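Visitor: Chain order of the listed sequences is A and S. Under our numbering, residues 1 to 408 are what the first sequence spells out, in order. Under our numbering, residues 1 to 671 are what the second sequence spells out, in order.
Simulated from the structure, these hints should not be mistaken for lab results. Mixed in with the good hints, there may be bad ones.
Said to hold, decoys possible - Simulated restraints on C-beta separations:
#: 1; chain 1: S; residue 1: 222; chain 2: A; residue 2: 345; range: 15 to 21 Å
#: 2; chain 1: A; residue 1: 345; chain 2: S; residue 2: 370; range: 30 to 36 Å
#: 3; chain 1: S; residue 1: 133; chain 2: A; residue 2: 356; range: 36 to 42 Å
#: 4; chain 1: S; residue 1: 108; chain 2: A; residue 2: 211; range: 50 to 56 Å
#: 5; chain 1: S; residue 1: 127; chain 2: A; residue 2: 351; range: 18 to 24 Å
#: 6; chain 1: S; residue 1: 51; chain 2: A; residue 2: 135; range: 33 to 39 Å
#: 7; chain 1: S; residue 1: 133; chain 2: A; residue 2: 47; range: 52 to 58 Å
#: 8; chain 1: S; residue 1: 110; chain 2: A; residue 2: 99; range: 55 to 61 Å
#: 9; chain 1: A; residue 1: 356; chain 2: S; residue 2: 108; range: 23 to 29 Å
#: 10; chain 1: A; residue 1: 367; chain 2: S; residue 2: 130; range: 41 to 47 Å
To be verified - In the DMTMM-like style, the derived pairs of lysine to aspartate or glutamate whose C-alpha atoms are separated by at most 25 Å in a straight line are:
#: 11; chain 1: S; residue 1: 40; chain 2: A; residue 2: 315
#: 12; chain 1: S; residue 1: 40; chain 2: A; residue 2: 347
#: 13; chain 1: S; residue 1: 59; chain 2: A; residue 2: 41
#: 14; chain 1: S; residue 1: 46; chain 2: A; residue 2: 351
#: 15; chain 1: S; residue 1: 44; chain 2: A; residue 2: 72
#: 16; chain 1: S; residue 1: 40; chain 2: A; residue 2: 362
#: 17; chain 1: S; residue 1: 46; chain 2: A; residue 2: 3
#: 18; chain 1: S; residue 1: 62; chain 2: A; residue 2: 289
#: 19; chain 1: A; residue 1: 350; chain 2: S; residue 2: 168
#: 20; chain 1: A; residue 1: 26; chain 2: S; residue 2: 89
#: 21; chain 1: S; residue 1: 40; chain 2: A; residue 2: 72
#: 22; chain 1: S; residue 1: 46; chain 2: A; residue 2: 362
#: 23; chain 1: S; residue 1: 59; chain 2: A; residue 2: 351
#: 24; chain 1: S; residue 1: 62; chain 2: A; residue 2: 354
#: 25; chain 1: A; residue 1: 286; chain 2: S; residue 2: 32
#: 26; chain 1: S; residue 1: 40; chain 2: A; residue 2: 353
The structure displayed is predicted, hence computed values, not measured ones. We put the CB at the ideal spot given by N, CA and C, even for glycine.
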Amino acid sequence: MTDYNPDKGYIALLGWSLNAIDAMEKFDRRYIVVAPNWAREYAEKNDIPFMSWNFERLNENSFEIAQMLKDEGVDVAVPLYEETVEWAGAVNAVLLDNPRLLGQSMLFRDKSLMKRRAQLGGIRVGIFEEAHDRGDVERFLKRVNQTLLKQEGDANDPIHIKAFDLAGCMGHRVVRNVEDVDLIPESDFPVLMESHLDGWEYAAEAWIHDGKIRFLNISEYVRLGYSVFVPASPELEAMRDKVTAEIEKLIKTFDIKFGFIHPEYFIGPDDVMYFGEVAYRPPGFKVFELLERVYGFNAYQGMVMMFDPKTTEEEIEAFFPTPVKDANGYAGCFGVYPRNRVVSRLEIPKETEDHPYFDWHELSEPMETKVSKRSAFGNHWGLVYFHGEDGETMRDLLAAQEDVDFYV
Amino acid sequence: MKTGESKGCAVNGADPNKSDGGVDAAHLKRLDAAITRLAKMSAKMKLRQQSPAIDQCVKVLKQPGGIDACFERIEALEHAGIFTGTDWDNPAQLKPVLVRHTLESGHPTSLVLETLSELRFLAIASGQMVHPAVSADEAKNFLARVLGLNLDFLFGAGTEASRMADPDWTATLQSLFKRVAETIGYGQVFDSVIAEIWRILAQRPIETGRIRSMILQLSLWMNEGGGDQAQSGWGADRLISSLFAPTNETREDPGLENYASRLSALDDQSLGHEAAGMARAMHDTGLVSAYHAVLLRHIWQNRPDFIPDVLGLTAAGRLGYRMYADLTHALIEKAICPVTAQAIYGLSLLLERGILHLPPTVPALWRQIGLELAPAVSQRLVATYGGDVPVETRLLAGVISVLGQPLGVGQGNNPTCQAARAIAMWAYTDPDYLLQLVTWAARDNEVRMPFEGKSISSGGLAAGLAQGELLDVDPVSAILVPHLDRIYMEMGRMCAKRAGDPHEWINPEMHGWWVARTFNIIVDVPTGKLTDANGFIRRFYAAFHPDHNGNQPVIHPSPAGIAVTDSAARFVGWHAIAIIRVARDPSGVVRVYFFNPNNDSGQDWGNGILVSTAGNGEFYGESSVPIGDFASRLYIFHTDADQQLEKAPVVRDEIDGVRQKIVESWGRDRV
């Protein structure tokens, strides 16, 4: 990009995301992508400003990248992936001369610390514990079910275990009985264990500037890990005020002045909200794309504005639409996992393709015919996008996708 | 917030009430969304959203009204970047002659982009859209040429169209071309169709099937009142009449049976008029009317003294006929009928060429007349041409055409330029050898050729470049090309381990002793770089240029290889041709006259080099360019060792001029 506004900040994107790069190409701010060396060739070929860096565990080198970006004249770093959140914290601590940012980012990166911090802030969370081996998991499973007054022979309530530092569904397992415990590989430990919360799960995306929410989206999950749509249905949107209050609690508890958060909640009986977890980066599912489809604004650009210390109030006011009211319908997406063990080709089901809400898909022909068994919530093979006028139709349509084959 | 409140929002500008003549509103909504996504992509990321947009265009285009729907959105599609980074990006560089090839390729992405590209020209031509590189008039001219070259798509009944795998596309292309014809006006189309037919006829092809269907469409069009014929249509009458009403007695296209019964009632004078009229139509156009066959058979049975007239023979032809009347009669009896009428032209030229005076030709033709075909060969001919006449008749008619019009052989829509060139060269210079090969192929379904002492049989070899049935070829090619193609590939395999270009050994072994053994190539095969360009040019001039070779004309056709370039002078590929003559044209320029088996030889090679097929001293079927231009595209030729001595020195300026043209075109990255 050559024509940027010199009065705006110089942005470093931490992590390689073509959609984020595309957003910056069309935006008025100078940018540079900081990503591992494997992306260099593509970046150079396409004339994308690039700096190579290996985001492994945060170490004493972190100061080096901060210094490099400072020398380059960068104003702020924006994390795009879970793995780069603490790097952004470390870098921004230097660039913005605010050492607290590093500590804050560590909270986002460790699910156990995160829960404790939330609990300290008076936010309601489920029962959780850390586990270092399978014995810990088995004990926790028993204790939780004992607490629920289950008798010998009753079906157990499941517990969830999650890796401390992986994004979203990665490393997330549901454990119902002792046999499930045996399936957890040694390498997954240590993990966070949580009791299962029955209820309506949803996520929110909040763009925060100057400690205030500038745009709040509620994403309705039809089924976790499979499907989501925006804006949320009227039933869920009815709780927008409560959701806002919960997120304001988060902002206060985690002392967030600027940036973007993506928390998950359960709504239990009596509309009580339980905090699940929060991420300081774009959601893994393509909620940003869905938002652009219904509102027209580019969510990455919005995120960058939140980080940029040179962003003005007027700019923010002009940028974001009014939630729900300005949406031109509902946009949803469904992550396709093959249902058969052996597949030979992609075939969009007729009932999906013929539905007036069907928009497009990014599925491709199978690379291999054998489908590996999903142990945890693994990665989907691509998304199918929908757009339409009615939220209920959208929810039913997304749910119906679970029962059809895209790969045969 | 109620769901209902969001309903009023328009979806990306499209009015869902507008049905666009039957396209599903959901498809249009998806198309508009896809255009928006593509448009929103930054330039560097454009390609990521191109194929979903193209996929959605396919869905819309395949529905009734899809062409109109895409036409309405063509400007949005163009601005969004549907053509970015594709071959269609710059409309000023597109070629009308390539459109057909793309439409016939059946490649889905190319089909869509080609269709959209035509819609873009339509929008520019009608003033609906302004393009910096193409004016409305240029767009109109482009479309007129495209339409002329693809008339059968307009009428939907064409053989090519029906060959396409997807019937939905056939309907789509028909409505595309209909829209094109309506927009630019039938009058203009009409003229370009006529011009196109004459352009092809100037090369006198043997296979006239496509031209015949174009003329048929032309006449239907005129009957349906194709509008403003007053100021257009020059030359249409001659084309249509040559097929449907060449003479006085056929003026109202009476039908073959009526015509036959009329003939027996004609007096000598009228019969003479009929004969002269038929001959004139045939020699004017290179096309033969089915009525001509009826007349010829009538004359052969009743008044053989009129045969020279009905064939339109000159003194040379008349002498040949007088000396070989029995053979000529037998050829007429066995080969000529309304379906094979086109062979009458071949028969006439065969007599004119005087090849019957070569001792082996006459007995070889007698063998051909009595030849029985192997069952597999019969089946192949029936599969290609249908069974309305005996396969022996079909093949004999084909043999007559090839011997009469050696340079009318074409490779059709097949990658077999080597085999087509070989057949043309043999028909031209070695007709009895060709007849021998036809006999082997037809009777034995096997052809044998020696390669450096080892015999190669086509029987045991797998198919070569031509996979499956050959398209648009004459009967001789239909039975012979599969064998030649296999042998050519096998010879290639036998040379695979040798350094250098295999044509050095294949060309003389395959074509005959008269292909000279000294091989000249300007490209270093392993690297693809130019090598000794000056020496290459000097040797070519020394061997072929009359000012440098002692004014020695070319004796046998000389196989050569050219680097074909497109109109932007970009390298397209290697191609086999044969140098027929090198001579001064009427204006005194030394030109190379050559045979190009691709049968659409009027090509633009870029850098101002236009291949001419008529008007510069060409005989029918020859292409020509000035010798310097030819040398600048040449990459392989054969010479005899002693041909390389310059009789008069080749000056440095000439060599530098040619070299300059090489490095400005296909040699750009090969220096």
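Visitor: Quick one: which hint numbers does this structure break? Sort them smallest to largest.
Guide: 1, 2, 5, 6, 7, 12, 13, 14, 18 and 21
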